[in-house]
Every structure is written in C-alpha cells, then in structure tokens.
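Take a look at the letters that make up each chain.
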Amino acid sequence: MRLFALALALGTATLFIAASVDLPDRGDPDAPASNYVAPYYVEHVEEDIGVENVVSAVLADYRSYDTLGETVVIFTAGLAVLLALARRERHE
Amino acid sequence: MEEVAARFPFWMIGALLGVGVWGMLGKRSLVKKLIGLNIFQSAIILFFIVGSMHTGATVPILWHGQHNPHAEDFVNPLPHVLMLTAIVVSVAITAVALAFMVRLHRAFGDLDEERILDELRR
Amino acid sequence: MSERHESALLHFMVRAVMTPAIMLYGLYVLVHGELSPGGGFQAGAILAAGLILSWLTLGRKSESSIFSRRTLIVVTVLGMVLYTGTGILAMLFGGDYLDYGAIPLEWLDYALPGELTRRQMGVFGIEIGVALAVFGTLSLAADYLTAPRSGDEEGEEQ
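Protein chains in written order, with numbering that gives the first Met the number 0: chain U, 0 to 91; chain S, 0 to 121; chain L, 0 to 157.
Some chain U residues close to chain S (C-beta under 8 angstroms, calculated; not the full set):
(1) Phe-15
(2) Ile-16
(3) Val-53
(4) Val-72
(5) Leu-84
Hints in this document: simulated from the structure, not taken from any laboratory.
Quick caveat, the model's predicted, so the values are computed rather than measured.
Ideal placement from N, C-alpha and C gives every residue a C-beta, glycine not left out.
Using the sequences provided together with the hints, build the complete structure.
Listed below in structure tokens is the structure:
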C-alpha cells in the first residue's frame, strides 16, 4: 500500500514535469495566459474603475461574482465548524 | 543557465505535487494527510503565480496618476486574483477538516486512519 | 489557562502593544487595499491574527474580550449582508447586481468625476464586507477548534 502511494506520488511529479516541457518559460511575456483578457484589465482599469491596485479591481469589480461565491464558501466553512463543534448548551 | 532558470520552478512544483500526494496517500495520520493536501494546494498556487510572471515587470499596482499603462510593465493580475480565491478556499477546507478531526478524536480517541476504520468495522 | 503563568510583562506586551498594532495594521491594509497591496481577505486574516494572538497568550475570558462568540457570528453575518447588500443596492438604483456605478453617490464626487468614485466606493464596500466575513470566520474557527473539551461556551472556567 505504501509502495503504491510512493509510486503514485513519483508518478504525479514525473507526469507534471514531463508535461511542463510544453509550458512557456517563466517570465515569457508572450505566454498565452498573459495575452487575452489580462492586458485589458491592466490597460483599462484606470478609466473603468479608478482603483490603482489591479488585483483589488479585478477581485471586487470585474469578477465580483467570483468573490461573492468565495465569501459564501468561507461563510459556509465557518458555519460548518460551528455545527461540528458547538455543544448543546445548558439544557441537557 | 537561462534554460535552467526558466524551467527550475516547474521542477520544484512537480516535486511539491509529489510530496503532497505522498502525504495524502502514504501517511496514516489524518493530520498528516491534511498537511499533504495543503502542500498540494501550495504547489498549485505557486504554479499559477509562476505563470503570471513577466521578465522585467513589476507588481500589478499602478502608481498614482499613471495614464495609459502598458500591460508588459506589470505581471498578469488574473492568476493573483484566482489564487487569492484559492488560498481562502484552502483556509476554509483546512478549518472544516480540523473541526471534523476534533470530532473524530472525541469519538475515537485517535486520528490514525486504520484504527478509526477498525473501530468502525467492529 | 492557569493564572500563575501570566506575567505582567506578557500581559502588557500582548494587550497594549502587539494586538493593537496588528489590528491597526489590518485596518490599514483594509483601507489602503485599493491603492497598495492589500484588500479584504488579507485585512480579515490580519485582524483575526491579532485577536487569536491575544487569545492564545492570555486565554479566552469573556469579560476580557469584546469579541464573544455571539459578536463574532454577528460580525460574519454582517460582512455577508454588506457584500450582498451592496449588490442589491445597485439593483435598487436600476443597475445590474453588483454594478456599483449605478449607486448615486454624487456627494462623494470631490476627487474624481462621475462614475469612478462611485465604483471605488462600491469596491470599498464589498472589501469591508469580505474583511468582516473572513475575520469572523477565522476567529470563530480558531475559537471553536481550541476550546477545551469540558469547558462551557465563552471560556467560563470551572
């Protein structure tokens, strides 16, 4: 069982490194990830929103639905911790 | 040397992924499994952050009063946003998992996976 | 928490120096989240770190903390309500959900003309909501996870 886990771990690492050969280099400005919607955010944030921190602008305005869902996730996590650990109080 | 510097982050991320999978599958303690899960998540977060990098670029925060910024001068802000979300979700997962572990420890007095399974089968 | 381990210096450093400094820094990160590195999640995490530091070192006593469990639940829900309420407020004024540009805040038009200031205010509003929600959730989780098994709620010691 532990050998199987070890093989799986090594396999994951090897698979990722083998697949990373096709990824663009670190720091490559022509990488596809940086060339479709990301330049729009940097270049239009001043006229669209007027917030200088682009990360905050994307988080809270362009993609505020994502952030809403994320807030719901952490709220639900707090609720789950509460439900799992709260004791029945004072009226046994 | 350039080639190694451009590729080195991916090798390290691959190693971290392997460590995470080993922690999740090869360890018997539930806490160590959770640590493995966190290492795996950290590897994914690092992967996205490495992908956001541009050579010669700075943090995605415009300086005050800057007009017509060029996208090449700033690193890609989108992976940072997505990973901020991922970090918060990982914190939520960790909190819920720890809460369940506290319950399990109260019920079985142990956090060893095999022993808990034995106890359940009995 | 046994009383004899409490030293006066530790008490002073944590309660009067470190926790206020950390929480003030959290507020700074929250308020400057639009202009510098920072934002709602980071601010909430830093605020919770300050609170948890004081709990870990001084113990959890209800009379010594204004953040009881009930207060923290209220803070968390208030954060969620602030977030969704900002979105619904934009809807009430004819925009889409979470379209802050529709909220009429003309009296805030001192720095930037038109929609920009309103959008900044909307972003600021939901950042505050997120910070409150994260602060409440992290503090609640830390409180419940570190609660002693036999203790009652609010850390009342036997």
